[in-house]
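One-letter residues, chain by chain:
There are 2 protein chains.
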Amino acid sequence: MYRSHTCGELRLSHVGTQVTLAGWVQRNRKLGGMTFVDLRDRYGITQLAFDEAVNKELNDQAQKLGREFVVQVVGVVAERSSKNNKIPTGDIEIVVEKLTVLNASEVPPFTIEDETDGGDDIRMKYRYLDLRRNVVRKNLELRNQLSFEVRNYLIKNGFIETETPVLINSTPEGARDFIVPSRMNPGEFYALPQSPQLFKQLLMVSGFDRYFQIVKCFRDEDLRADRQPEFTQIDCEMSFVEQEYVLNMFEELVKQVFRNIKGIDFKEPFLRMPYAEAMEFYGSDKPDIRFGMKFVDITKEAQIRDFAVFNSAQYVAGICAEGCASYSRKELDGLTDFVKRPQIGAKGLVYVKCEQGGTFKSSVDKFYSQEDLKSWAEKMNAKEGDLLLILSGDKVATQKQLCELRLEMGERLGLRDKNVFAPLWVVDFPLLEWDEESGRFKAMHHPFTAPKPEDVQFIETAPEKVRANAYDMVLNGVELGGGSVRIHNGEMQQKMFACLGLSQEEAQSKFGYLLNAFKYGAPPHAGLAFGLDRFVALLAGLDSIRDCIAFPKNNSGRDVMINAPSIVDKEQLEELNIAIKLETK
Amino acid sequence: MYRSHTCGELRLSHVGTQVTLAGWVQRNRKLGGMTFVDLRDRYGITQLAFDEAVNKELNDQAQKLGREFVVQVVGVVAERSSKNNKIPTGDIEIVVEKLTVLNASEVPPFTIEDETDGGDDIRMKYRYLDLRRNVVRKNLELRNQLSFEVRNYLIKNGFIETETPVLINSTPEGARDFIVPSRMNPGEFYALPQSPQLFKQLLMVSGFDRYFQIVKCFRDEDLRADRQPEFTQIDCEMSFVEQEYVLNMFEELVKQVFRNIKGIDFKEPFLRMPYAEAMEFYGSDKPDIRFGMKFVDITKEAQIRDFAVFNSAQYVAGICAEGCASYSRKELDGLTDFVKRPQIGAKGLVYVKCEQGGTFKSSVDKFYSQEDLKSWAEKMNAKEGDLLLILSGDKVATQKQLCELRLEMGERLGLRDKNVFAPLWVVDFPLLEWDEESGRFKAMHHPFTAPKPEDVQFIETAPEKVRANAYDMVLNGVELGGGSVRIHNGEMQQKMFACLGLSQEEAQSKFGYLLNAFKYGAPPHAGLAFGLDRFVALLAGLDSIRDCIAFPKNNSGRDVMINAPSIVDKEQLEELNIAIKLETK
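So the sequence lines, in the order shown, correspond to chains A and B.
The numbering used here applies: residue 1 is where the first sequence begins, and numbers increase by one.
The numbering used here applies: residue 1 is where the second sequence begins, and numbers increase by one.
Think of the hints as simulated: they come from the structure by calculation, not from any bench.
Hints are supplied without guarantee of correctness; some may be wrong.
Any copy, or any two copies together, can satisfy a pair, since identical chains are not distinguished.
[As the list claims (entries may be wrong)] Pairs of lysine to any residue residues, derived as SDA-like cross-links and limited to a Cα-Cα distance of at most 20 Å, are as follows:
(1) Lys519 to Met124
(2) Lys361 to Glu301
(3) Lys156 to Ile261
(4) Lys30 to Glu97
(5) Lys294 to Asn248
(6) Lys300 to Val15
(7) Lys570 to Lys581
(8) Lys510 to Met124
(9) Lys519 to Asp372
(10) Lys286 to Gly410
(11) Lys570 to Ile580
(12) Lys581 to Pro186
(13) Lys519 to Pro108
(14) Lys495 to Glu454
(15) Lys519 to Ile122
(16) Lys570 to Pro186
(17) Lys374 to Arg272
(18) Lys452 to Glu244
(19) Lys98 to Gly16
(20) Lys286 to Trp425
(21) Lys255 to Ile122
Go ahead and model the full structure; you've got the sequences and the hints to work with.
So, in structure tokens, the structure goes:
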């Protein structure tokens, strides 16, 4: 062993002990005849002291140590004269007797500090140096801790972690698959799993009863901040349970994680909000309920005067921004610009300021009386000093716009504190959603989700009415996980495939093994999957899941550190019976 | 919840309680006016009792239950009149009041029993039914338990589980890579990792200090019983440690696993055997030391008479098979045939029977005197009643043949008991081995293994002499894991690449990021990886790792259950800029 202690371990009680430490040079300071070196490892920082008067040669050696040199020192622990109460080892220093450079270092391309001078690109290229920074490594430590907590909870509750295969079949439903040519089966391909969905259901058919897996999944999609081509799921499935049992089991998991990792104790059961309500009041199936500002529908109250914009709208609704009546013209114009951005797409924004003394000032003053505006304010529960922000148009589109506006206002008003956690379940999702592009229904969750028994009657006549026994756990406006009660009956599964426009032959060729398995005694079962990356990002208060992945890919799916993907040898392709066919445009 | 208890839970203390159970029909027996159904789930089997006299309709219903039907029953726990002491629930039965068929089942294609009537092929096709069998599911439960123990130990010892990427670069060294076309980077490919070797070394450069990961790895090799295209490694790496520390850390891990899972306490430190000794006495770098029968070199003692076979041989050596002097002609012929099989390739087998009264009978009687044979017997420590089996020829080849013969004799003599576990470390491997095919040296472990400091002097002049700080853990003749101290110095790494015939440009293009990382303060580090599949197989006493993998592939790399790999859509290939190019022969 190159060390007797780590750099985070020594305290006053060790004074007088001879120790050996090893680590990286964080800082090197000359102070009169003394040299002080901060030695860093994963566990902390310890100050090394060299005294010219005691050993000139050693002190000279120390002065030559550059940043990020790897060194080993032997010395005696001594009490510091000027203590540093910012670090746990700040009471002591090592009076060094022997110094060995284990490895030198060139000057790193950016500083290895919490606040680094390195930009995103260079830090990704030198990710191995970026990971030396405490703030980055802490995210990975948190990730490890989260997985550990999750495993402990699930194993304690009888779940068996079971590995499902990575080389499977392509099922071109939903997102694109990554595929892998098979050398032994020329012309054929494996696919990387988008999730172990079918395998976990088969494990239920196998009587595994409770399954989980923390598992890599793959999607060949265009990327953005919270998407990576490979991501990690906490994947779970249970037999002989109803939805209620599943919700309780995983709610308790999340509570335990927060208790043990963040010291936060959720005493109340999580709110359960039907999908319809989430859309009505938040315009989103993942509402951020850290703050109120719920939508208020004032269509009726708005369509009473000669204002064509509102009168022609299917839906007029607004939110009440507390204390914002003092917003300047510039601020209001800013909000208007915000909702008019192409990504949001509103045509305009109507505001009503609820001023002191019970008067109202509005962008639609000339169409509505003070009484009219007062009735809106009352319906929206506004007080003096509040600001009403109102959008109108097609209902679904307007709800989406209002959702963005609400989140923006929450941000501006500081209501989206990363240290506040507001979880809820969104339940009763529609089973199907109409897909304009293909002109048919597609499964809202996936084609294995069970309809609510009481809604099954509509499945052929009015599919859009059918609700699913599906649920999402939402935390601070992010979908942390989701799942459903599954179909466990072959006939119902066939019916579902038919709804989705899959012929019996197609269903058989794509999911034949599942339909087959259902013939041999499939138990009722249900499950759920959490996104591990998102979970860590939320716990750590990160904006991008990239920061909690050791070696992430960029938006082109490229690992810039190792420069993957890359060209492969011609022989390799030949052996795999494939050729590159680039389009010549 | 569909049940109040599991099928493995009820005891005499529950008598009189009303319970709800759910599970699969294992067996259905009619006995006079009674029907008895064995209800099975993961946790056990509980007997259900139906009485025609009490409720004829219910009894009729019960009689119609086929094997593997999924049912739910409500009833009262009662003491059995004839108890079954073979199962924990054998004292009680459920007097059923209500029976619900949750799902019917067709007659399964093989019996769901420990001893099934299903052959290998059909069981793999219906793997979801095969996994219902206790003996199979137990292996997967053991696997889960092993991972859990390993994680607990490593996390307790400060290792951080860190996920490394699955989509990486192809490095055509060693085995073949699986590759994945990149849609976003036309003409370029990812590769699936054969191990996270370089990433874990980079994590050491990052100061992670102690890393582990239980991780899927991939090799596109021709398959056999203990190889799968995807397999799982327990992958570990540590900084600031020497070999000794690593061996102790992981020896204790294995000891803890055996203690907690098998109730076996290894009190002594594991034997550490230099590679040279393993080859000399066992002809293998993974000796099975559950039994002795070490090789004895009798080249000198054999080359004293006019027997050309021995005289022309580089090496004559044998093993002593205790108590086998009574072997018949047929048995000896059988052994001769065994060593002459093409896979083993010996030219013949010489035997010496050490008979009662101190006389010897041998296949080379006419060349050697009784005194000669006696001197062999003495050197080989043979007693009266033992049998000497002797091979000769080129040393390396003969050692390999003798190794096979020794294992065969161990098998025949019942010395390879699956319930006996004999672990050891094999150490001091050669750094390099000569590769006839390419006419150059290749790394015995991998190109990142550090030479022993005292042998570095030979690295350019006599590379074959250089030993590595590399180690394998061997258990019952199987390589359970292996690792090495790594090179952490760029210059030494370049020297190693040069030894392997890699030009500086090639090295830079393939491993540039590692060489780069070594410029910025790489700490001394070392690591190891265990094969999880093999570890489970050994603990469970299985012959093939396939039996401890939930959904394994066959020898053609095919998952016969889901029929992967398979054809993919033409559009998919086009989007990926590749085409199939089958050779027309």
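Checked hints:
| no. | hint | verdict |
| --- | --- | --- |
| 1 | Lys519 to Met124 | between (51 Å within a copy, 17 Å between copies) |
| 2 | Lys361 to Glu301 | within (17 Å within a copy, 114 Å between copies) |
| 3 | Lys156 to Ile261 | both (18 Å within a copy, 16 Å between copies) |
| 4 | Lys30 to Glu97 | within (18 Å within a copy, 87 Å between copies) |
| 5 | Lys294 to Asn248 | neither (27 Å within a copy, 61 Å between copies) |
| 6 | Lys300 to Val15 | neither (78 Å within a copy, 65 Å between copies) |
| 7 | Lys570 to Lys581 | both (13 Å within a copy, 12 Å between copies) |
| 8 | Lys510 to Met124 | between (40 Å within a copy, 18 Å between copies) |
| 9 | Lys519 to Asp372 | neither (64 Å within a copy, 73 Å between copies) |
| 10 | Lys286 to Gly410 | within (15 Å within a copy, 65 Å between copies) |
| 11 | Lys570 to Ile580 | both (10 Å within a copy, 14 Å between copies) |
| 12 | Lys581 to Pro186 | both (18 Å within a copy, 9 Å between copies) |
| 13 | Lys519 to Pro108 | between (62 Å within a copy, 9 Å between copies) |
| 14 | Lys495 to Glu454 | within (16 Å within a copy, 73 Å between copies) |
| 15 | Lys519 to Ile122 | between (56 Å within a copy, 16 Å between copies) |
| 16 | Lys570 to Pro186 | both (16 Å within a copy, 15 Å between copies) |
| 17 | Lys374 to Arg272 | neither (33 Å within a copy, 88 Å between copies) |
| 18 | Lys452 to Glu244 | within (13 Å within a copy, 61 Å between copies) |
| 19 | Lys98 to Gly16 | within (16 Å within a copy, 77 Å between copies) |
| 20 | Lys286 to Trp425 | within (9 Å within a copy, 54 Å between copies) |
| 21 | Lys255 to Ile122 | neither (38 Å within a copy, 44 Å between copies) |
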